[in-house]
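S.K.: The lines below spell out each chain.
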Amino acid sequence: MVAEAAHIDERLEPLLRQVSDPEIPVLSIMDMGVVRYAQLENEQAVVKITPTYSGCPAMDVMSVEIKAALQEAGYEVDVELVLHPAWTTDWITPRGRAALEDYGIAVPLEADADKSALMGAKRMVECPQCGSNNTKVVSAFGSTACKALFKCEDCLEPFDYFKCLK
Amino acid sequence: MQESLYNYILGIADNCLILGQRLGELCGHGPSLETDIACTNISLDLFGQVRSYYQYAAKLKGGDATEDTIAFLRKERQYRNVLLVEQPNEDFAYVIARACYFDIYHELFLLELMRSTDETLAAIAHKSIKEVRYHKLFSTEWVKRLGDGTEESHQKMQQAIDDYWPYTDELFQPAQVEKEMAEAGIGVDITKLKEPYYNALKSLLETARLEVPDNPYFQKGGKQGIHTEHMGYILSDMQYMQLAYPNMEW
Numbered sequence: 000m001v002a003e004a005a006h007i008d009e010r011l012e013p014l015l016r017q018v019s020d021p022e023i024p025v026l027s028i029m030d031m032g033v034v035r036y037a038q039l040e041n042e043q044a045v046v047k048i049t050p051t052y053s054g055c056p057a058m059d060v061m062s063v064e065i066k067a068a069l070q071e072a073g074y075e076v077d078v079e080l081v082l083h084p085a086w087t088t089d090w091i092t093p094r095g096r097a098a099l100e101d102y103g104i105a106v107p108l109e110a111d112a113d114k115s116a117l118m119g120a121k122r123m124v125e126c127p128q129c130g131s132n133n134t135k136v137v138s139a140f141g142s143t144a145c146k147a148l149f150k151c152e153d154c155l156e157p158f159d160y161f162k163c164l165k
Numbered sequence: 000m001q002e003s004l005y006n007y008i009l010g011i012a013d014n015c016l017i018l019g020q021r022l023g024e025l026c027g028h029g030p031s032l033e034t035d036i037a038c039t040n041i042s043l044d045l046f047g048q049v050r051s052y053y054q055y056a057a058k059l060k061g062g063d064a065t066e067d068t069i070a071f072l073r074k075e076r077q078y079r080n081v082l083l084v085e086q087p088n089e090d091f092a093y094v095i096a097r098a099c100y101f102d103i104y105h106e107l108f109l110l111e112l113m114r115s116t117d118e119t120l121a122a123i124a125h126k127s128i129k130e131v132r133y134h135k136l137f138s139t140e141w142v143k144r145l146g147d148g149t150e151e152s153h154q155k156m157q158q159a160i161d162d163y164w165p166y167t168d169e170l171f172q173p174a175q176v177e178k179e180m181a182e183a184g185i186g187v188d189i190t191k192l193k194e195p196y197y198n199a200l201k202s203l204l205e206t207a208r209l210e211v212p213d214n215p216y217f218q219k220g221g222k223q224g225i226h227t228e229h230m231g232y233i234l235s236d237m238q239y240m241q242l243a244y245p246n247m248e249w
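Chains as they are written, first to last, in numbering that gives the first Met the number 0: chain A, 0 to 165; chain B, 0 to 249.
Since the hints were made in silico from the structure, they are not lab data.
If you're wondering where the values come from, they're calculated on a predicted model, not measured in any experiment.
Heads up, some of the hints might be wrong.
[Stated by the list, open to error] List time: in silico DSS-like cross-link candidates among lysine-lysine, alpha-carbon distance up to 25 Å: (1) B:K58 - A:K47; (2) B:K74 - A:K150; (3) B:K60 - B:K74; (4) B:K201 - A:K114.
Excised from the complex, chain A in its bound form (with noise of 0.2 Å):
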């Protein structure tokens, strides 16, 4: 995962961060991955940022959002998309997947343990209203693209699971 480190200025850092995911409030764009590139070109600020699905809706409000936050702190900018390298779970921080846990959605397991828990076949995705691995997939596919919907069975409360992609 080093060799596709992002490369971001830290004059512009602060500003991105306070862009958030219009889908999951809580979650940074920083903290979510998205941002691969933010650096000053020529005294314009230059931001690549990466969509997480391909027909994620939410590529067009961040977008409109980091240029709003750059624009106000007086920068120039140039926000483009990029699909390579394709984003994964795994760019998420440890920062986001506290802020997805507190928020209620269950954090991506590794790609192999994903595959099993949403087939089914072994309860291993633990609920984060009550910390019980006592789990099961109710939909593969749920609310928005990145995730899935799943019930916990102890505490009977239904839960999102941000599904693992690699």
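Once you have looked at the hints, place chain B on chain A.
M.R.: Then chain B, alone, in the frame of chain A:
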């Protein structure tokens, strides 16, 4: 070369567009809330992939072309999608049969497209395959569940598998532009995907306790723009807004 590449991209993208449109028809009409959401999620993924392809195609074409003019302002004969993806939803078994026939192909196809010498196509393939693996998981699991389910679900799944079987072979019949692009190292040699495709399909049908159809008669024509009677209805629905209110945005 530019013209061929443009046509090649449309061929790939049109499959995703028309299947996405078909799955989108289930919005609010799925057999259960979960399957409804799943089908429309998959539809959204496909439209996202389509946008990447059409944006690239529009750039190659230049002039006034945009992703929207390519999607909405072509005539039926100019769409290059295979006949499979335009087949109607009928009942849920047909939705699943069509999806699994396409998803297995789609994954194999993207695995090869990832190696394209064209960087943009390779990047789109890298992105899309992650999504398509979830699509395939959904459709193939449903084939097993329905095939190996009740007597009625088994019978319906078998019927759908039989009825859409004749549309599978076209996936592996290269159009002229596909041959040209494969030779140039840009496109995928789809003839090589045929064997792994039918092997995967046969093993899936076996697991699902379904019979592999032995019908040797196959349909083709979509890649040449000769579509089934369903295509006109799809387009009149999909293009309605742009034709009635040109350049409309919201």
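S.K.: Each hint needs a verdict: does it hold in this structure or not?
M.R.: Quick rundown of the hints versus the structure:
1. B:K58 - A:K47: holds, 19 Å
2. B:K74 - A:K150: Violated. K74 (chain B) to K150 (chain A) sits at ~46 Å, over the 25 Å cutoff.
3. B:K60 - B:K74: With a Cα-Cα distance of about 17 Å, the restraint between K60 (chain B) and K74 (chain B) holds, given a limit of 25 Å.
4. B:K201 - A:K114: holds, 22 Å
This entry does not satisfy hint 2, going by the numbered hints stated previously; all others are met.
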